[in-house]
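The primary structure of each chain is shown beneath.
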Amino acid sequence: MFQRRFFAVVLILFGLLLAYFDGYSFLASANPEAWFYRPFKLGLDLRGGSHLIYQADTSTLPATADIGEAMSSLKEVIERRVNAFGVGEPLIQVEQVGVGSAGAHRLIVELPGVTDLQEALKVIDVTPILEFRIERPEGPEKAAITKAYEDARAKYEAGEPISNDPLLAQDPEFVPSELTGRYLKRAQVDFTGQTIGPTISVEFDKTGGDIFAKITKENVEKRIGIYLDGQLLSAPVVREEIKDGKAQISGDFTVEEARTLVRNLNLGALPVPIKLISTETIGATLGQEALDRGVRAGVIGLLLVAVFMILWYRASGVLAVLSLGIYVSLMLAIFKILPVTLTAAGMAGFILSVGMAVDANILIFARLKEEMRHTDNMHDAISHGFTRAWASIRDSNLSSIISALILFWFGTSLVRGFALTLAIGVLISMLTAISITRTFLLAIGVTRTNRLNRFFFGSGIRH
Amino acid sequence: MFVVKYKNLFFLLSAILIVGSLWSLWYYGLKLGTDFTGGSILEVTYSFPGVRPTADTVRASLDKLNLGPTSVQLAGDRDIIVRSKTLTEAEHVAVVKALPILTSDAPSMLTEKRFSSIGPTIGQELAKRGILAIILVVILIILFIAFAFRKVSRPVSSWKYGIVAFIALLHDLIIPTGVFSYLGAIRGFEADALFLTGLLTILGLSIHDTIVVFDRIRENLKKHVGIDFAETVGRSLSETFSRSINTSLTIILVLLVIFFYGATATRDFSLLMAIGVLVGTYSSIFIASPLLVVWQKWSSRVK
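Protein sequence lines, in the order shown, are assigned to chains A and B. Reading the first sequence from the start, the letters are residues 13 to 475 in this note's numbering. Reading the second sequence from the start, the letters are residues -10 to 292 in this note's numbering.
Incorrect hints may appear among the rest.
EDC-like mimics (lysine to aspartate or glutamate), calculated; alpha carbons at most 16 Å apart, straight line [to be verified]:
1. A/K381 - B/E228
2. B/K86 - A/D128
3. A/K234 - A/E252
4. A/K287 - A/E107
5. A/K287 - B/E78
It should be emphasised that the hints constitute simulated quantities derived from the structure, not laboratory data.
If we strip away everything but chain A, and leave its shape as in the complex, we get:
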């Protein structure tokens, strides 16, 4: 008996702790550095933002090309661009719809907080640029630029404002050459080079090969700067003139870095053209409104369910509400930890799961009431009640989980939010109903089924 009561108290304390964890990020005194500070992750429809779907035109790729690779380099480039744009927590996904010739490749971009679509599109839609630059010749020009940089650094270190010298816009090390990603045929990772690590071999087309031969001839023992989107990727040193339009880029790469670079290079060579086919923008006010209303509906729904349970199921109802409270705290904690991105539909799914969590309790109490008619021993009534209720709780909830799984598969992000919260909800509610409610029932320690207990653990209008 003592053990059971102790366990019940522990459960309640655990629930309170969870509730503290759930609410912590809302406290004014909350410390964002604390390890248990985890705000809820809100979907675009609750915080405002843009959802863009691009269709990739893979028909421009040669038949031998690896579409998957092209798509993932596309994703990477877009990620870089979006990060440069300064969006918090962007989500960029590649999606394949259908298979074979009917299949389509899509890029999904979610930009939370971005409601100025035009601005965002400008950043995303630009085609990436791959450039090969040659070393800037020594001379007064290079000296001037280098000096401008040195002056600027000195001023910066001294804390003075930096003058707007046009020379600072230029690269002191390299100047552009004619060679760009336009002439690249393909790039691949190679392990056959003389170095231990991976090397990258690139192959230019005919025109590119000629330009490359000319450049390498003029720049032996000098560096060639490889730039992607204006940023220096690597600067290999040319050993000799290269006539066959093939180059080995050796360097201090890890295999992973080499792969990334190859992907980027191939992208410069074969950018997959993308076309915007679907946009969705939700203003911040609309999102806030949906969030407020969702929270309000949740609170009202919970209260109504609690009132109903206590009025109808009396003492058992109070226990059910307690276990429901723990259920809600647990769910919210799971949402924070996983994290589950909450959407308006997801919140509806969660609220609905509260209604369903009650169902398991109702099933148990109905059984308990029946068992109490047959036996004087309350303990037996409880354990029989639970055993008998379990089969139908299990079977009926499994069917809900089946639909939730299919929903998740079918889903757009909107539907997925609902399916996920519902599925987690049904699973957790099954657990809380059979373990937590049971612990509470046993902890109360009613041993005999007399009239009084039949009233308190019965249900309905009369007895």
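Chain A is already provided as a structure; the job is to place chain B on it using the hints.
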């Protein structure tokens, strides 16, 4: 149990509802949202209540853009909703610019509340996937029931439970869809991705109820309760009756709360679900189990 006794009355009621729903679907059709048809929706809100152009003014200034058929609708006291074909970003900007701003009485500024433009292929895909999902859910659930009740074979074999559950599922799909199509005609409810989600969830919940009743029948058959199958079913129904009603009540309660207080986006969805839960509970008590009895009687007479 009165349910088994008056089963024909309940069958008749369901038949009327189903015929009415099918008629509404045939007559009004289902108003599909842009999720499925493709197209765009733009919702803007003006800064001051009441200070906004009339729908006609907006229509007139949008006509100049040659966007094809557009619909302009006033919402709340400061919002305007414009529906049209799928818009490119340039067209979207043009539409926002074309919306008249009233400066005569008070400065009125407009902010964009939401904009969505969905390509037609995306919509078709979603519809296809949705229908596939419904078929899959139905098949899986029936297989699941046939499996869960595999040990029950007398006097009704387990696959019959599955078929009866299937009929109940059809019932629970058709009636809410029919009501929704009627609401679409009189209240402008649109069937969107959430509508499909709602239908799929109704399937799960409805079968949930049916299984609870079947489970009791399964148990009572084992305990040899009742003199014949009809009485076993009747006893099982009355034993699970209050549970079914209470569960549905709580679920409908929370759904109504979502309907009245929840986000606008989930309002139609919660109403659909509430109707679905109501119909689903009704069918598991008044249709599915009596059908089992009818089937059993019929097949024993044939023998």
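To see whether the hints hold, each was checked on the structure:
no. : hint            : result
1   : A/K381 - B/E228 : holds (11 Å)
2   : B/K86 - A/D128  : holds (14 Å)
3   : A/K234 - A/E252 : holds (10 Å)
4   : A/K287 - A/E107 : holds (14 Å)
5   : A/K287 - B/E78  : holds (11 Å)
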